[in-house]
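A.B. asks: Taking the hints into account, I'd like the entire structure generated from these sequences.
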Amino acid sequence: SAVISQKPSRDICQRGTSLTIQCQVDSQVTMMFWYRQQPGQSLTLIATANQGSEATYESGFVIDKFPISRPNLTFSTLTVSNMSPEDSSIYLCSVDGGGGNEQYFGPGTRLTVT
Amino acid sequence: QKEVEQDPGPLSVPEGAIVSLNCTYSNSAFQYFMWYRQYSRKGPELLMYTYSSGNKEDGRFTAQVDKSSKYISLFIRDSQPSDSATYLCAIGWVDKIIFGKGTRLHILP
Chain A
1 SAVISQKPSR
11 DICQRGTSLT
21 IQCQVDSQVT
31 MMFWYRQQPG
41 QSLTLIATAN
51 QGSEATYESG
61 FVIDKFPISR
71 PNLTFSTLTV
81 SNMSPEDSSI
91 YLCSVDGGGG
101 NEQYFGPGTR
111 LTVT
Chain B
1 QKEVEQDPGP
11 LSVPEGAIVS
21 LNCTYSNSAF
31 QYFMWYRQYS
41 RKGPELLMYT
51 YSSGNKEDGR
61 FTAQVDKSSK
71 YISLFIRDSQ
81 PSDSATYLCA
91 IGWVDKIIFG
101 KGTRLHILP
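Line by line, the protein sequences are chains A and B.
Quick note on this note's numbering: the first sequence kicks off at 1 and runs consecutively.
Quick note on this note's numbering: the second sequence kicks off at 1 and runs consecutively.
Hints should not be assumed to be uniformly reliable.
Claimed, not checked - Examples of chain A residues toward chain B, derived with CB under 10 Å:
(1) T44
(2) T48
(3) S94
Simulated from the structure, these hints should not be mistaken for laboratory data.
Predicted, not measured: the structure shown is a model, and the values here were computed from it.
All residues carry an ideal CB built from backbone N, CA and C; glycine is no exception.
C.D. replies: Printed below as a string of structure tokens:
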């Protein structure tokens with residue numbers, strides 16, 4: 001399985017600011033995914049990012065709030081824009097397994113908005 | 001009815017016991033089934049992945065799928081304190097995966 005790293009691992013941000021989260025994979029992957037994990041809730045897919053095309057957002061998530069970049073096959077960023085306390089969550093990137101439908105996850109970014 | 005339902009626990013069992021974790025799902029179109037383990041402050045780690053009904057075994061872990069009942073299970077034999085974590089079921093079709101909320105498991109030494 002791929003080795004995935006995320007930066008930052010955690011951050012405390014003020015309301016109204018933006019934070020960009022980086023996801024780096026040690027091998028080339030076709031699909032990268034961004035999830036949100038809130039306490040007591042299941043993992044919720046924010047968007048799917050394929051290299052060379054616009055990210056595909058799930059219902060309830062919009063590009064203006066969560067812009068995503070995917071400049072190459074090993075890297076992606078998720079920006080959380082104009083943050084509010086409701087954005088406090090763990091943000092996870094994942095990649096497809098390459099052979100099947102399984103996904104492998106990074107360690108997550110723990111975001112607190114004050 | 002939610003697409004995937006999973007008892008959040010917490011579930012506490014003594015070391016050495018057999019643990020049974022379960023999920024139910026509503027959509028018979030789901031094609032593949034996974035279990036993830038998530039330690040505190042870590043990302044989910046894929047434990048088991050299967051397409052078919054029946055059992056799949058990997059060491060102390062057995063994944064069981066019953067498509068007729070829309071029910072999946074993860075069994076952990078000879079449970080260890082290091083198995084204490086949150087276990088998430090994940091069920092999917094095509095390129096869409098739905099995750100359960102996770103069951104918190106505590107193995108008591």
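A.B. asks: Given S94/A as an interface hint, is the shortest Cβ-Cβ distance to chain B below 10 Å?
C.D. replies: Check passed: Cβ of S94/A comes within 8 Å of chain B, closer than 10 Å.
A.B. asks: Just to be careful: measuring from the Cβ of T44/A to every Cβ in chain B, is the smallest value less than 10 Å?
C.D. replies: holds, 8 Å
A.B. asks: Does T48/A pass the interface check with chain B, least Cβ-Cβ distance below 10 Å?
C.D. replies: holds, 8 Å
Going down the numbered hints, you'll see the structure goes against none, and every one checks out.
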